[in-house]
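K.L.:
Chain by chain, the residues run as shown.
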Amino acid sequence: KAGVTQTPRYLIKTRGQQVTLSCSPISGHRSVSWYQQTPGQGLQFLFEYFSETQRNKGNFPGRFSGRQFSNSRSEMNVSTLELGDSALYLCASSWGLAGGDADTQYFGPGTRLTVL
Amino acid sequence: QKEVEQDPGPLSVPEGAIVSLNCTYSNSAFQYFMWYRQYSRKGPELLMYTYSSGNKEDGRFTAQVDKSSKYISLFIRDSQPSDSATYLCAMRIGSNYKLTFGKGTLLTVNP
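These protein sequence lines are chains X and Y, in that order.
With the working numbering, letter number 106 in the first sequence gets 106, and the count goes up by one each step, no holes.
With the working numbering, letter number 21 in the second sequence gets 21, and the count goes up by one each step, no holes.
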């Protein structure tokens, strides 16, 4: 079974630009979560989508947004990029049903975003 | 106080050593506890998943949860150079899918 895939793997942008990252979950998984990983803050939760609806949201500004399509693929958008947005953006997928081992999250390799 | 505290290390041990990695947490609502391993330039990989207090063993890895003390541990027996990675503890509340992570401990196992 194919794992979680993320594209692109690397991205360089300049301040003020916007960026869109893509995530394809494991086949059958309906929940997609996004995380930001930086050396200073570690892994921080951005948001989670289930069946095209945002179900959970972390403490990030409105410049960070996402969406999920009917095939469970998800995109994350960051507008008006700031230097501090440089990070590894990770997506994780799971079945999305409450409780149990089946609900563990499996991570993709991440997209490394550098903002200059 | 951060919800999850994890000693960032770095931790350096000789091959064959027993490694102990630990996290403490403050939110008693956490019910599910996980350990992830992350190699350089890769995404985190799930190692262990536990729900109840007590021990869970999988090969050379043992996860321990003490809910009364709000303390979780991961033990690695007979450590190998291939175990060199960052180990992240993570936890979540019930059906809420948001994972709260520790900052990770960088482990190096020297041949």
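Incorrect hints may have been included.
What the hints assert, rightly or not - Example chain Y residues on the side facing chain X (calculated, C-beta under 10 Å, incomplete): (1) ILE18; (2) ARG41; (3) TYR97.
Treat the hints as calculated values from the structure; they're not laboratory data.
Where is the CB? At the ideal position from N, CA and C, for every residue including glycine.
K.L.:
Could you run down the list of hints and mark each one as holding or not?
P.N.:
Hints versus structure:
1. ILE18: With Cβ-Cβ at 26 Å, over 10 Å, it is violated.
2. ARG41: 8 Å, holds
3. TYR97: 5 Å, holds
The structure is inconsistent with hint 1 alone, although it conforms to all the rest.
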